[in-house]
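Trainee: So you can see what is in the structure, the chains are spelled out below.
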Amino acid sequence: SQKIEQNSEALNIQEGKTATLTCNYTNYSPAYLQWYRQDPGRGPVFLLLIRENEKEKRKERLKVTFDTTLKQSLFHITASQPADSATYLCAPSGGYNKLIFGAGTRLAVHP
Amino acid sequence: NAGVTQTPKFRVLKTGQSMTLLCAQDMNHEYMYWYRQDPGMGLRLIHYSVGEGTTAKGEVPDGYNVSRLKKQNFLLGLESAAPSQTSVYFCASRTGNPNYGYTFGSGTRLTVV
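The listed protein sequences correspond, in order, to chains E and V. Just so you know, we're using our numbering here: the first sequence kicks off at 394 and counts up by one. Just so you know, we're using our numbering here: the second sequence kicks off at 70 and counts up by one.
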């Protein structure tokens, strides 16, 4: 069955550093992959979408890569700030109409 | 623009009781989804709809029913609640263009005792 793996352990980094989160998927080949941010008690918020034919996508301080050979996506936040602290969800497409979500990685940025 | 609105925000049910969760969106989106989120697990798809009058099963549909009689509303029903349905439920919608992400509601926290 389709499986999404994100680091279950929280990632703790210092303010100003680059945070890198990993998403691995198995048993299928998604046409695209999305990343979301979720704050406690809130619904996920869409950040970026990257297609299978795109190696890299950027939006302000965010960068996403998509390696279809390794079946992996990396999510980078440069010059991280305490306000970036949240849980980040990876969501590869599971067919044309739906996404499959990973459990998320919690990021804590310390001043 | 309100986006996606879920009601109620919190609910406690006794085992065997029924209830309906309402999701309303004002963005004229074609697609709507119901997910549940449990600790340590990703969002799991319950049911979804690709347009008014259509519904389809997701990954964990058992114990739930849905209806999409109007384009802007997507209802999730629990006919006979069980403690295993204790969860946070999220509704989401998106445009027909898959280049855009989902817009989520703020969730309904349901406890079944």
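Treat the hints with care, since some could be wrong.
[Said to hold, decoys possible] Selected chain E positions facing chain V (Cβ under 8 angstroms, derived; list incomplete):
(1) Y421
(2) F439
(3) L442
(4) G488
[Claimed, not checked] Cut-off 27 angstroms, straight-line C-alpha distance, at most; resulting in silico cross-link-like pairs (DSS-like, lysine-lysine):
(5) E:K464 with E:K491
(6) E:K491 with V:K126
(7) V:K140 with E:K491
(8) E:K491 with V:K83
(9) V:K140 with V:K126
(10) E:K491 with V:K139
(11) E:K410 with E:K448
(12) E:K396 with V:K126
(13) E:K450 with E:K464
[Stated by the list, open to error] One-sided and incomplete, this derived list gives chain V residues near chain E with beta-carbon spacing under 7 angstroms:
(14) G120
(15) G122
(16) S175
(17) L179
(18) V182
If you're looking for bench data, these hints aren't it; they were derived computationally from the structure. Heads up, the beta-carbon is just placed ideally off N, CA and C, and yes, glycines get one too.
Trainee: Can you confirm whether the C-alpha distance between E:K491 and V:K139 stays at or below 27 angstroms?
Mentor: Holds, at roughly 20 angstroms.
Trainee: Does E:F439 meet its interface restraint, that is, does its C-beta lie within less than 8 angstroms of any C-beta in chain V?
Mentor: 3 angstroms, holds
Trainee: Let's test the interface hint: is any C-beta of chain V closer than 8 angstroms to that of E:G488?
Mentor: 10 angstroms, violated
Trainee: Hinted pair, alpha-carbon criterion (27 angstroms max): E:K450, E:K464. Please report holds or violated.
Mentor: Since the Cα atoms of E:K450 and E:K464 sit roughly 16 angstroms apart, the hinted pair holds (cutoff 27 angstroms).
Trainee: Tell me if the interface restraint on V:G120 is satisfied: Cβ within less than 7 angstroms of some Cβ in chain E.
Mentor: Violated. Min distance 11 angstroms.
Trainee: Verify the proposed pairing of E:K491 with V:K83, using a straight-line Cα cut of 27 angstroms.
Mentor: It is violated: about 32 angstroms lies between the C-alpha atoms, which goes past 27 angstroms.
Trainee: For the pair we were handed, E:K410 and E:K448, check the Cα-Cα distance against 27 angstroms.
Mentor: 23 angstroms, holds
Trainee: Any CB of chain E closer than 7 angstroms to the CB of V:G122?
Mentor: Hint violated; V:G122 Cβ to chain E Cβ min 15 angstroms, cut 7 angstroms.
Trainee: Measuring from the C-beta of E:Y421 to each C-beta in chain V, is the shortest one below 8 angstroms?
Mentor: 14 angstroms, violated
Trainee: For the hint on V:S175, just tell me whether its beta-carbon gets within less than 7 angstroms of chain E.
Mentor: Holds - the Cβ of V:S175 comes within 7 angstroms of chain E, reaching about 5 angstroms at its closest.
Trainee: What's the verdict on V:K140 and E:K491, does the C-alpha distance respect the 27 angstroms limit or exceed it?
Mentor: Holds, at about 18 angstroms.
Trainee: Given V:L179 was flagged as interface, is its beta-carbon under 7 angstroms from a beta-carbon of chain E?
Mentor: Because about 14 angstroms separates V:L179 from the closest Cβ in chain E, which is outside the 7 angstroms limit, the hint is violated.
When the structure is compared with the earlier hints, violations turn up for hints 1, 4, 8, 14, 15, 17 and 18 and for no others.
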